[in-house]
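Peer 1: As they're listed, the protein sequences go chains A and B. Residues in the first sequence are numbered consecutively from 22, following our numbering. Residues in the second sequence are numbered consecutively from 401, following our numbering.
Just so you know, the hints here were simulated from the structure itself, not pulled from any lab data. Any given hint could turn out to be false.
Short derived list, chain A residues pointing at chain B, Cβ under 10 Å [as the list claims (entries may be wrong)]:
{"#": "1", "residue": "Asp28"}
{"#": "2", "residue": "Met33"}
{"#": "3", "residue": "Asn122"}
{"#": "4", "residue": "Ile125"}
What the simulated footprint calls covered on chain A by chain B, stretch by stretch (three residues with Cβ under 8 Å from a Cβ of chain B suffice, anywhere in the stretch; the number is not a length) [what the hints assert, rightly or not]:
{"#": "5", "region": "35-43"}
{"#": "6", "region": "92-104"}
{"#": "7", "region": "126-138"}
Chain B regions said to be covered by chain A (calculated; three or more residues, Cβ under 8 Å) [what the hints assert, rightly or not]:
{"#": "8", "region": "412-425"}
{"#": "9", "region": "447-458"}
{"#": "10", "region": "545-552"}
Where a beta carbon is used, it is the ideal one built from N, C-alpha and C, also for glycine.
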Amino acid sequence: MKVLLVDDSATMRRIQKTQLQNMGVKDILEAGNGEEALNILHDNMPVDKILLDWNMPVMDGMTFLKKVRQIDTYKNVKIIMCTSESEKCRVLDALKAGANNYIIKPFENTALKEKLGL
Amino acid sequence: MNVAYVNPFITSTIFTFETMLKTSPVAGKPYVKQEPFPAYDVSGIIGLSGDAQGCIAISFPKVVALRIVSAMLGVEIKVIAADLADGIGELANIIAGGAKQHLDGFNLSISLPNVVIGRNHTLGAQRGIPTIVIPFECPLGSFSIEVSLKTR
């Protein structure tokens, strides 16, 4: 399984990477914003799952999500929003825009594992 | 400022520390900030806008900030560098985001975090908006949250 981590916080990416490695995921890519993530996605398909932050500089998670969902090549990529945006309306907005799942920071390892379907 | 706006930040801070750092901070009695004290070494600041405007800051002595980011990463951080600023900024972001869901009836947006590092710095209040300071104690050390919010 190949997973792309998209978060502007290097700390959060490091936490997520360690958690994923402990779950047995070895192929892990990282991006610091949506624009970087689009480039990485373009060059590294097939990517199976994306853990996507919402608030990021340059290109935020929602903009990235909408762009990815317009591209047929990426239709099978599962996108899990992983953000501190905790209100129900935000969750609904993300799901409507094409996110497959949503996890609110802070989260336990078990919750991440479940949301990733591991 | 309505003190009821402070409780979501206390709840979110405790939950964030329990989940990410496996430690339970205990909140002391909140008080209105009398400048220029308290003074800190590392502060993570998040701006809030929308139905209420202001900011929240989480501030630490240097040694406590280093312990907290080390606990977040599971690796010991010994010096003030990019790792420390990034970790404290993310912690502030998560606490502010968590508090938003408990501020019923407010449509709020949070800014990207800013982190201030400097020995014994103080955070100035916005003019006309009182700042409430909530001191916390946990096994990693003392720290505080400052909440300054103005409703429309």
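Peer 1: Does each hint fit the structure? Answer for all of them.
Peer 2: Each hint, compared with the structure:
1. A distance limit of 10 Å between C-beta atoms decides the matter here; for Asp28/A the minimum to chain B is near 8 Å, and the interface restraint holds.
2. With a least beta-carbon distance of about 5 Å to chain B, the hint placing Met33/A at the interface is held under the 10 Å criterion.
3. Checking Asn122/A against chain B by beta carbon gives a least distance of about 18 Å; that is not within 10 Å, so the hint is violated.
4. The interface hint given for Ile125/A is met, as the beta carbon of that residue sits about 8 Å from the closest beta carbon of chain B, less than 10 Å.
5. Here's how the region 35-43 of chain A fares: 3 of its residues keep a CB closer than 8 Å to some CB of chain B, so the rule of at least three is met and the hint holds.
6. Check result for the region 92-104 of chain A against chain B: violated, 1 residues qualifying (beta carbon to beta carbon below 8 Å, three or more required).
7. Look at the region 126-138 of chain A against chain B: 4 of its residues bring a Cβ nearer than 8 Å to a Cβ of that chain, three or more, so the hint holds.
8. Counting residues of the region 412-425 of chain B whose beta-carbon sits less than 8 Å from any beta-carbon of chain A gives 4, enough to reach three: the coverage restraint holds.
9. Counting residues of the region 447-458 of chain B whose beta carbon lies closer than 8 Å to any beta carbon of chain A gives 0, which falls short of the minimum of three for the stated coverage.
10. Counting residues of the region 545-552 of chain B whose beta-carbon sits less than 8 Å from any beta-carbon of chain A gives 0, not enough to reach three: the coverage restraint is violated.
In summary, the structure is inconsistent with hints 3, 6, 9, 10 from the numbered list given earlier, while agreeing with the others.
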